[in-house]
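There are 2 protein chains.
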Amino acid sequence: MQTDNLLKQVRFIKEIDKLKYIQRKTRLFNSERPENDAEHSWHLAVMTIVLAEHSDRPIDILKVLKMVLIHDIVEIDAGDTFIYDNTKSHTNSEEELVAAKRIFGLLPTEQGEEYIAIWKEFEEGLSKEAKFARSMDRFEPLLQNISNNGGTWKEFNVPYQKVYDKKSAIKEGSSTIWSYAENLLNESVSKGILKK
Amino acid sequence: MQTDNLLKQVRFIKEIDKLKYIQRKTRLFNSERPENDAEHSWHLAVMTIVLAEHSDRPIDILKVLKMVLIHDIVEIDAGDTFIYDNTKSHTNSEEELVAAKRIFGLLPTEQGEEYIAIWKEFEEGLSKEAKFARSMDRFEPLLQNISNNGGTWKEFNVPYQKVYDKKSAIKEGSSTIWSYAENLLNESVSKGILKK
Numbered sequence: 016m017q018t019d020n021l022l023k024q025v026r027f028i029k030e031i032d033k034l035k036y037i038q039r040k041t042r043l044f045n046s047e048r049p050e051n052d053a054e055h056s057w058h059l060a061v062m063t064i065v066l067a068e069h070s071d072r073p074i075d076i077l078k079v080l081k082m083v084l085i086h087d088i089v090e091i092d093a094g095d096t097f098i099y100d101n102t103k104s105h106t107n108s109e110e111e112l113v114a115a116k117r118i119f120g121l122l123p124t125e126q127g128e129e130y131i132a133i134w135k136e137f138e139e140g141l142s143k144e145a146k147f148a149r150s151m152d153r154f155e156p157l158l159q160n161i162s163n164n165g166g167t168w169k170e171f172n173v174p175y176q177k178v179y180d181k182k183s184a185i186k187e188g189s190s191t192i193w194s195y196a197e198n199l200l201n202e203s204v205s206k207g208i209l210k211k
Numbered sequence: 016m017q018t019d020n021l022l023k024q025v026r027f028i029k030e031i032d033k034l035k036y037i038q039r040k041t042r043l044f045n046s047e048r049p050e051n052d053a054e055h056s057w058h059l060a061v062m063t064i065v066l067a068e069h070s071d072r073p074i075d076i077l078k079v080l081k082m083v084l085i086h087d088i089v090e091i092d093a094g095d096t097f098i099y100d101n102t103k104s105h106t107n108s109e110e111e112l113v114a115a116k117r118i119f120g121l122l123p124t125e126q127g128e129e130y131i132a133i134w135k136e137f138e139e140g141l142s143k144e145a146k147f148a149r150s151m152d153r154f155e156p157l158l159q160n161i162s163n164n165g166g167t168w169k170e171f172n173v174p175y176q177k178v179y180d181k182k183s184a185i186k187e188g189s190s191t192i193w194s195y196a197e198n199l200l201n202e203s204v205s206k207g208i209l210k211k
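Each protein sequence line maps, in turn, to chains A and B.
Its first residue numbered 16, the first sequence is counted upward by one per residue in the numbering used here.
Its first residue numbered 16, the second sequence is counted upward by one per residue in the numbering used here.
It is worth saying that the hints were derived from the structure and are not from the lab.
Don't take every hint at face value.
What the hints assert, rightly or not - Straight-line alpha carbon distances no greater than 27 Å define the calculated DSS-like cross-link-like pairs of lysine-lysine that follow:
(1) Lys135/A with Lys177/A
(2) Lys23/A with Lys116/B
(3) Lys206/A with Lys23/B
(4) Lys29/A with Lys116/B
(5) Lys169/A with Lys29/B
(6) Lys143/A with Lys143/B
(7) Lys169/B with Lys210/A
(8) Lys23/A with Lys23/B
(9) Lys29/B with Lys33/A
(10) Lys143/B with Lys177/A
(11) Lys29/B with Lys23/A
(12) Lys23/A with Lys33/B
(13) Lys181/A with Lys135/B
(14) Lys169/A with Lys23/A
(15) Lys33/A with Lys143/B
(16) Lys186/A with Lys78/A
(17) Lys116/B with Lys186/A
(18) Lys182/A with Lys33/B
(19) Lys210/A with Lys186/A
(20) Lys29/A with Lys23/B
(21) Lys181/B with Lys210/B
(22) Lys211/B with Lys33/A
(23) Lys177/B with Lys78/A
(24) Lys206/B with Lys78/B
(25) Lys116/B with Lys182/A
(26) Lys211/B with Lys78/A
(27) Lys33/A with Lys116/B
(28) Lys181/B with Lys211/B
(29) Lys23/B with Lys143/A
(30) Lys40/A with Lys206/B
(31) Lys29/B with Lys143/B
(32) Lys29/A with Lys33/B
(33) Lys186/B with Lys143/B
(34) Lys169/B with Lys143/B
(35) Lys29/A with Lys78/B
(36) Lys211/B with Lys182/A
(37) Lys143/A with Lys78/A
(38) Lys23/A with Lys206/B
(39) Lys181/B with Lys78/A
(40) Lys23/B with Lys40/B
Bear in mind the structure is a predicted one, so any value in this text is a computation, not a measurement.
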C-alpha cells in the first residue's frame with residue numbers, strides 16, 4: 016500500500032515539473048525575464064511564512080502553504096490567464112477544473128481529493144486561509160510591477176481603478192499589508208507608472 | 016512595530032528573488048534546461064507535503080517546509096556547489112554562514128535568527144525534520160537524472176558508489192522512499208546510465 020501510494024506520488028511529482036515552463040505575464044524584480052509559475056509559487060510560500068504575523072486572524076499556516084504551493088498547478092493544462100484579461104475570466108474556469116481532476120487525480124485517491132478541495136477553497140477565497148493565500152498572490156506582482164517601473168500595468172495599459180480593485184483582495188487577508196500596498200499604489204500614480 | 020517589521024520583510028522578499036537566477040547542475044525532467052534554485056525549492060516543498068506519510072517518524076511538516084523553502088537562499092551569495100564536487104565541501108562553508116547572516120539579517124531580528132537556526136538545523140541534518148528535508152533534497156535530482164538518461168552522473172562521470180553514498184541520506188528520512196530509490200539506482204546500473 017505504501018509502495019503503491021509512492022508510485023502514484025512519484026508520477027505526480029514528475030508531472031508537475033511542467034509548471035516550470037508556464038510563463039506568467041509578470042517579470043522578475045528589476046528584470047525583463049518573465050517569471051514562471053514554479054518560481055512564483057515558491058515566492059508566495061516564503062512570503063507566507065515570513066508575513067503570516069500580519070494576518071488579521073489566526074491562520075493554519077500549513078494549509079495556506081499547501082494552497083500557494085499548488086494553486087497554479089492547473090495551469091499546466093489550462094495555461095496562465097492574465098489577471099487583467101478582459102475576455103477570459105481568471106478563476107474557476109471549467110478548463111481548470113478538468114485540469115485539477117486530471118493532475119491531482121494522479122495521486123492516491125484520498126490525497127488527490129484533498130488537493131482538489133484545497134485548490135477549490137483557494138479559488139473560492141472564502142476561508143481565512145484562502146484570503147491570506149490570495150493576498151500573497153496579489154502582493155507579489157504588485158511589488159514586481161513597481162520594481163519594473165510599472166511592469167504589466169504599463170505594458171498592457173491597465174488603469175489605476177482596475178489595479179486597485181484587484182489588489183483590494185489583500186485587505187481581506189491583512190489590513191497591515193493592505194495599508195502598505197495602498198500607499199504603494201498611490202505613490203505609483205504620483206510617479207506616473209500607474210495611470211488614474 | 017508591525018509596519019517596521021513589514022518594511023524589513025519586504026526588503027527580504029525582494030532580495031530572495033535572486034534565487035531564481037542561481038542555476039543548479041541538474042536539469043529539469045526530460046530536459047536540457049538547468050533547474051534554478053527557486054524551482055528546486057518549490058519542487059521539494061510540494062514533495063514534502065505529498066510524501067510526508069512516508070517519514071519513518073512523525074515530523075513537524077511546517078518545519079520541514081520552512082527548511083526546504085529557505086535551504087538554498089545562502090547560494091544567492093555563495094553560489095551553488097555541485098554535490099559531487101571533489102574540491103569544495105558541499106555543506107557548512109564559512110561563505111554560506113556569512114551569506115545566511117547577511118540575507119536572513121534583512122528580516123526583523125528575532126525572525127532572522129529563527130531562519131538562521133532553521134538553516135543550520137537543515138545543514139547539520141540531525142533532527143528528524145532535517146533528515147526528512149534532506150531526503151527530499153536527494154530524491155528530486157535522483158528522479159531528474161534518471162529521466163535524463165543519467166544526467167549529471169553521466170555528464171560528470173560520477174561512479175555508482177559515490178552516488179549511492181550521497182543518496183543514502185534518503186534512508187535517514189524514509190525507509191520506503193529509500194527502498195524505492197535503491198532499486199532505481201540498481202536499475203540505472205543495469206541500463207548503463209550509472210557506472211559501477
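Structure-based check of each hint:
1. Among the hinted pairs, Lys135/A with Lys177/A is consistent with the structure: their alpha-carbon atoms are about 25 Å apart, no more than 27 Å.
2. Simply put, Lys23/A and Lys116/B have alpha-carbon atoms about 40 Å apart, too far for the 27 Å limit, and the pair is violated.
3. Annotation: proposed proximity of Lys206/A to Lys23/B holds, straight-line Cα distance about 23 Å (limit 27 Å).
4. Proposed proximity of Lys29/A and Lys116/B is contradicted: the alpha carbons are some 34 Å apart, above 27 Å.
5. Distance check on the hinted pair: Lys169/A and Lys29/B sit about 20 Å apart at the alpha-carbon level, within 27 Å; holds.
6. For the hint linking Lys143/A to Lys143/B, the alpha-carbon distance of about 31 Å lies beyond 27 Å, and the restraint is violated.
7. Between Lys169/B and Lys210/A the CA atoms are separated by roughly 54 Å; this puts the pair beyond 27 Å, and the hint is violated.
8. Of the supplied pair hints, the one linking Lys23/A and Lys23/B is violated, its CA atoms being roughly 41 Å apart against a limit of 27 Å.
9. Restraint check for Lys29/B and Lys33/A: the C-alpha separation of about 25 Å stays at or below 27 Å, so the hint holds.
10. Of the supplied pair hints, the one linking Lys143/B and Lys177/A is violated, its CA atoms being roughly 48 Å apart against a limit of 27 Å.
11. Only pairs whose Cα atoms come within 27 Å are accepted, and Lys29/B paired with Lys23/A is rejected, the gap being roughly 36 Å.
12. For the hint linking Lys23/A to Lys33/B, the alpha-carbon distance of about 33 Å lies beyond 27 Å, and the restraint is violated.
13. Between Lys181/A and Lys135/B, the direct Cα distance comes to roughly 39 Å. Violation of the 27 Å bound is thereby established for this hinted pair.
14. Of the pairs offered as hints, the one joining Lys169/A and Lys23/A is violated, with about 44 Å between alpha carbons and a cut-off of 27 Å exceeded.
15. Only pairs whose Cα atoms come within 27 Å are accepted, and Lys33/A paired with Lys143/B is rejected, the gap being roughly 30 Å.
16. For the given pair, Lys186/A sits about 19 Å from Lys78/A by alpha-carbon distance, which is consistent with the 27 Å threshold.
17. Annotation: proposed proximity of Lys116/B to Lys186/A is violated, straight-line Cα distance about 32 Å (limit 27 Å).
18. At most 27 Å may separate the alpha-carbon atoms for a hinted pair to count; Lys182/A and Lys33/B meet this at roughly 25 Å.
19. For the proposed pair Lys210/A and Lys186/A, the alpha carbon gap of about 22 Å is at most 27 Å, so the pair holds.
20. At most 27 Å may separate the alpha-carbon atoms for a hinted pair to count; Lys29/A and Lys23/B exceed this at roughly 36 Å.
21. Simply put, Lys181/B and Lys210/B have alpha-carbon atoms about 15 Å apart, close enough for the 27 Å limit, and the pair holds.
22. Of the supplied pair hints, the one linking Lys211/B and Lys33/A is violated, its CA atoms being roughly 32 Å apart against a limit of 27 Å.
23. Taking the CA atoms of Lys177/B and Lys78/A, the gap is near 38 Å; set against the 27 Å cutoff, the hint is violated.
24. Restraint check for Lys206/B and Lys78/B: the C-alpha separation of about 38 Å exceeds 27 Å, so the hint is violated.
25. For the proposed pair Lys116/B and Lys182/A, the alpha carbon gap of about 33 Å is over 27 Å, so the pair is violated.
26. This hinted pair does not check out: Lys211/B and Lys78/A have alpha carbons roughly 44 Å apart, beyond 27 Å.
27. Proposed proximity of Lys33/A and Lys116/B is contradicted: the alpha carbons are some 34 Å apart, above 27 Å.
28. Straight-line distance between C-alpha atoms of Lys181/B and Lys211/B comes to about 15 Å, which keeps the hinted pair within the 27 Å bound.
29. Simply put, Lys23/B and Lys143/A have alpha-carbon atoms about 25 Å apart, close enough for the 27 Å limit, and the pair holds.
30. As the CA atoms of Lys40/A and Lys206/B are separated by approximately 42 Å, the hinted pair breaks the 27 Å bound.
31. In summary, the hint linking Lys29/B to Lys143/B is not supported, as the alpha carbons are separated by about 31 Å, beyond the 27 Å threshold.
32. A distance of roughly 25 Å separates the Cα atoms of Lys29/A and Lys33/B; the hinted pair therefore holds under the 27 Å criterion.
33. For a cut-off of 27 Å, the pair hint linking Lys186/B to Lys143/B stands: about 12 Å separates their Cα positions.
34. Of the pairs offered as hints, the one joining Lys169/B and Lys143/B is violated, with about 32 Å between alpha carbons and a cut-off of 27 Å exceeded.
35. With a C-alpha separation of about 24 Å, the suggested pairing of Lys29/A with Lys78/B holds against the 27 Å cut-off.
36. As the CA atoms of Lys211/B and Lys182/A are separated by approximately 57 Å, the hinted pair breaks the 27 Å bound.
37. Proposed proximity of Lys143/A and Lys78/A is supported: the alpha carbons are some 10 Å apart, at most 27 Å.
38. Restraint check for Lys23/A and Lys206/B: satisfied, since their Cα atoms lie roughly 23 Å apart, inside the 27 Å limit.
39. The hinted pair formed by Lys181/B and Lys78/A fails the criterion: a straight-line CA distance of about 32 Å is larger than 27 Å.
40. Taking the CA atoms of Lys23/B and Lys40/B, the gap is near 32 Å; set against the 27 Å cutoff, the hint is violated.
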